[in-house]
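*Asks:* Go by the hints and put chains B, C and D onto chain A.
Chains as they are written, first to last, in the working numbering: chain A, 330 to 674; chain B, 330 to 674; chain C, 330 to 674; chain D, 330 to 674.
Worth double-checking, as some hints may not be accurate.
Where chains are identical, the list cannot tell them apart; a pair therefore holds if satisfied intra-copy or between any two copies.
Unchecked claim - DSS-like, lysine-lysine: derived pairs with alpha carbons at most 30 angstroms apart: (1) K553 to K445; (2) K365 to K553; (3) K553 to K580; (4) K492 to K392.
Hints were generated in silico from the structure; no laboratory data involved.
Protein chains: 4
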Amino acid sequence: MLKAAIIGASGYTGFELMRLSVQHPHVELTSVSSEKFAGKKVGEVFPSLHDKIKIDFKSISEKKGVSKADFVFVALPHKEAMSVVPQLIKLGKKVIDLSADFRFNDPAIYENWYQKHTAPELLQDAVYGLSELYREKIKNAQLVANPGCYPTAVILALAPLIKNDLIDLNNIIADAKSGVSGAGRSVVLSSLFAEVNEGVKAYKVAKHQHSPEMEQELSLIAQKNVSLLFTPHLVPMNRGILATIYTTMSKEMSEDEVLNLYKNFYQNDIFVRICPLGTFPSTNQVKGSNYCDISITIDSRTNRLVVVSVIDNLLKGGSGQAVQNMNIMAGFNEELGINQPALFP
Amino acid sequence: MLKAAIIGASGYTGFELMRLSVQHPHVELTSVSSEKFAGKKVGEVFPSLHDKIKIDFKSISEKKGVSKADFVFVALPHKEAMSVVPQLIKLGKKVIDLSADFRFNDPAIYENWYQKHTAPELLQDAVYGLSELYREKIKNAQLVANPGCYPTAVILALAPLIKNDLIDLNNIIADAKSGVSGAGRSVVLSSLFAEVNEGVKAYKVAKHQHSPEMEQELSLIAQKNVSLLFTPHLVPMNRGILATIYTTMSKEMSEDEVLNLYKNFYQNDIFVRICPLGTFPSTNQVKGSNYCDISITIDSRTNRLVVVSVIDNLLKGGSGQAVQNMNIMAGFNEELGINQPALFP
Amino acid sequence: MLKAAIIGASGYTGFELMRLSVQHPHVELTSVSSEKFAGKKVGEVFPSLHDKIKIDFKSISEKKGVSKADFVFVALPHKEAMSVVPQLIKLGKKVIDLSADFRFNDPAIYENWYQKHTAPELLQDAVYGLSELYREKIKNAQLVANPGCYPTAVILALAPLIKNDLIDLNNIIADAKSGVSGAGRSVVLSSLFAEVNEGVKAYKVAKHQHSPEMEQELSLIAQKNVSLLFTPHLVPMNRGILATIYTTMSKEMSEDEVLNLYKNFYQNDIFVRICPLGTFPSTNQVKGSNYCDISITIDSRTNRLVVVSVIDNLLKGGSGQAVQNMNIMAGFNEELGINQPALFP
Amino acid sequence: MLKAAIIGASGYTGFELMRLSVQHPHVELTSVSSEKFAGKKVGEVFPSLHDKIKIDFKSISEKKGVSKADFVFVALPHKEAMSVVPQLIKLGKKVIDLSADFRFNDPAIYENWYQKHTAPELLQDAVYGLSELYREKIKNAQLVANPGCYPTAVILALAPLIKNDLIDLNNIIADAKSGVSGAGRSVVLSSLFAEVNEGVKAYKVAKHQHSPEMEQELSLIAQKNVSLLFTPHLVPMNRGILATIYTTMSKEMSEDEVLNLYKNFYQNDIFVRICPLGTFPSTNQVKGSNYCDISITIDSRTNRLVVVSVIDNLLKGGSGQAVQNMNIMAGFNEELGINQPALFP
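Next up, chain A with everything else stripped away, as it sits in the complex (with noise of 0.2 angstroms):
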């Protein structure tokens, strides 16, 4: 059995972790914290995982629990991610960090968007894991800084056409509609259900911190800049990212080109499906899963590209991705723990 310890487990990426352990045939919890919870029985806070998980929360300072695990999964805020996670370096473990605090290659990139960055000599050889992608770096890093949810559904959506040329660099779009859970579990005014219910809206409009993220892994694909204008918005739903991206065409192609050049780029990729021409996917197909559905259309009208892509934002946009990366850096099966269909409905 791995053993393994998660902090910040009571926001919804640690509870999903927490639940994700408890389906995955090899990994044993030693530790699971929270600020909020410390000395709380999992069970007590989270009814569902009433005797799945049978020990207590604990202090985020406590390092007992953390001590012995080999991996450890950080689900803590950015700032407080980079706080905890040198030490846990030092201490020798594996460490899968959820937050922004270690995707960017400039830490000048990162200070722009977030603040200060403390420990910027991580930064180097943390591994971007997005697993599809970095399936070789992952196998043997030490630090896996997991993907933003939004920058998942674009750059695997997007990924076949840079690889391959196919598209103008500075003319993407992405508008992405996520569900509620992608703010997170903070208690805020706007995140309240008649705040947010039966409506729909759009925030931060070109001007959210995970463009500079995307931008840096497209770039990173196509060997040169690419630039990105990206929209995120807030749909009444408790998961799911779908992200609708725009492009120029640079080469003519047909859908069907398009689409077996979709199908070989990601042809060993279990958890990225190619959807049929014509078919558009819901979130609700992914719901609960650690699949990408991804759909194009081409406009022959306007000459566009328009890509389709789904996610659940907790599983491939977030713990399910985690614990991927997880299976291909102990040398598991990429599926293991995380291969059940979407709950549907």
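*Replies:* Leaving out everything else, chains B, C and D in the frame of chain A:
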């Protein structure tokens, strides 16, 4: 009292017309028809209107109630509408048709996206009922073609930019998100609660029949050809459309300048409100109201101008605008009966 | 114009009072207060009221706007309400208080379920504002204690039976289901969208503070002690309460007889509607309206009479009834400003 | 591998059986049938099962796939089920039928609430598949009649009380709240999103066909007649049933004593969990899981015991319990393939 009839009163837009008629101080319903519920009391089918409307549903073929009316709202599906409108016109009725049947100047475009047109002779005199843009023509129209819900949200958002020649007319993307009532009250699998709830999906990507309607109207404003890529999405909520529109600026302007331009453009239009810079509207701020709220953002990094507009698809996007048009045609105050603020939460 | 002030205008009932005031032909708001938003324009905080209410939020401690008002609505949490009401009474204002602070005749009961009462001298003259039952007293009241949302639904459902001595007074069960706005606008974990959505739960089983309020009022109707078991539930929707009430008949009657008894009891009450036998109301037929719809069923197998009532918790269960009471106190038509039919869907 | 077939696999319970089969380590599907989708790939109709189930839907009349199966799940509507089950029994298949057709011992009761029974000869040997109560009989059954969703929630909640003779058997009220998938996947107006969303309603008050099923089973436990008043409600969520059950105690007991009695009663039942005193379950703590969580409260003021139970109607209330029964029949660990914790949020 203005005497009005509603043909097709048991769908969502038809029902909304009944609800609005009840609230209108100068409207008396002489007849409401529904094939499905003919012979039943309105309050029996829709308990919320119990004692508010005391007449029975009539068959659509029954002419008596209609013959007493001065105004007739036709809330039938397209194709059915054009089978009843010609006769109403001959009888001298003022007609507001909520279908697509009389929205196109060129029957060939209609026939390309819908079906054969059986009353093309009426197209020339039909006035496109986007109240803010065609107020003067609507005043004297006998037949008003009430706009589609998506076109209302998109055209209002783009008109000031196009009228002032500020954007690239071949580089417009409209990504719209609609509540489920937009799909109508047809009993189909894809509209069942458990199919739709907790999911968001794209549909008819780049192939929705509202595209040519938007292009026709935007081209008329531009006085040259406008082409636009339109993608609609379905969101799990009852009402509301949010359109996120991506344009490329052909002139350099500041956000303040654009904001003022919008404010001036709509300065006499009570139902169009421009949001302060940096704020983005939610559909829940217009739910149950006839407003269209518009927000603009410039992304200087990509030289794009993003416009976000929200409406209630059944009000400004349908029956509310129909009543607004009736008010204009009857010489009433444009707000009469439709000036309620949104229902929130 | 009647001059009115709202103290505590940024919660859901306070906001609803603003919305209703805008729609009321004879009301002018002189002041709206909110500690949280003091100094901000109403339209800045609530964009749906942009240009509808042009005054700013004031601090609750500021007295100027209130001093100009004839009527003051107090929409503060209990405890805070009784700290401001006594002064308003001294100033000669007519006060409609939406908290629980003045609903009890006996301060001991209040203190048993809430906290120490700091203005018990006002309890004697306060009138319980269930409009249909206390219309005459409300006419001349200076202080109206607006009923709780659950008590409104339950008392209206039971009054005809108890008044006519038809049921066992010690054998009443009220099982109520409420939308989330009933929990108020407090920023707490348990009201977050993702905590509440896609789940239904019971809370405060047999221990909710609305129980003694129901028992007080039902006992007054019965002229003897009534005891009732009340269980509230939280349902994932914005608005609405449905109460399912189980009683044991002490006389044999047919459903038709009971139906007629209800119709007679409420024959002069525009806002109470009795459903045809065999039909059961949904909260969505009263959403956004001030109606209470009631359905009765006799289960002859178990000799029980089941009453189902529905209201909008923010209208008939809160601010709508407050305006109804204001209409009664001001000598207006009882329906003024609150006679809209429900918003459906 | 156990070979299984599903007859009627495109409704919600049929689909859920496919999903669970995919997750079950010892099940191989030999055939899935659907009249509507015969000839189509499963993954084409349900994209979430793409590549998980590679066979096509067959017509129900096609026998080949079924003939290879050892176990057959019948997920047809009642009436249709009894037209296919007799032949399966003759062929020696083990059958788990999810309809109501084989749940009644007495065909007269079935015929009173449903329709004429066409295979009454099978009723005697059919075992009522409430796993916790009939485990021993299920082990050796050839035909298991899987319980209704409401009866599962209600019977599990009441069994310990009735078995121990603690309550008045003529004074039981069950008030249940169900998500919309409980209405099935039939395409009817009343199940449309916009009809159901944002509303809660009662239906079939005191007349629901699950009443006699509950009474039969509770009477068997009591060894005397139990009569119960049952009211179902529809709640705007996909999944989940919460039953609030009101009983009158015939003995005086403390909450602790009752709690222990429940814990003892279900001590060997992994899927039934008893909540700590003072806590009340939400359906979202069992969503996507096979658990039934039960909470008890004594209201000493009215001498009543209130039991609240929650299940996922498609799992413990349907397909999950069907797989649990299959595990029992096949001699597998009872939890196999259905031991996932709930999906939250």
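*Asks:* Confirm or reject each hint.
*Replies:* Verification of the supplied hints:
1. In the homo-oligomer, the alpha carbons of K553 and K445 lie at most 30 angstroms apart inside one protomer (27 angstroms), although the nearest pairing across protomers, at 51 angstroms, exceeds that limit.
2. For a Cα distance limit of 30 angstroms, the shortest separation of K365 from K553 qualifies neither inside one copy, at 45 angstroms, nor across copies, at 49 angstroms.
3. When the C-alpha separation of K553 and K580 is checked against a cutoff of 30 angstroms, the pair qualifies both within a copy, at 18 angstroms, and between copies, at 27 angstroms.
4. Neither within a single protomer nor between protomers do K492 and K392 lie at most 30 angstroms apart by alpha-carbon distance, with minima of 43 angstroms and 49 angstroms respectively.
Checked against the numbered hints given earlier, this structure breaks hints 2, 4; the rest are met.
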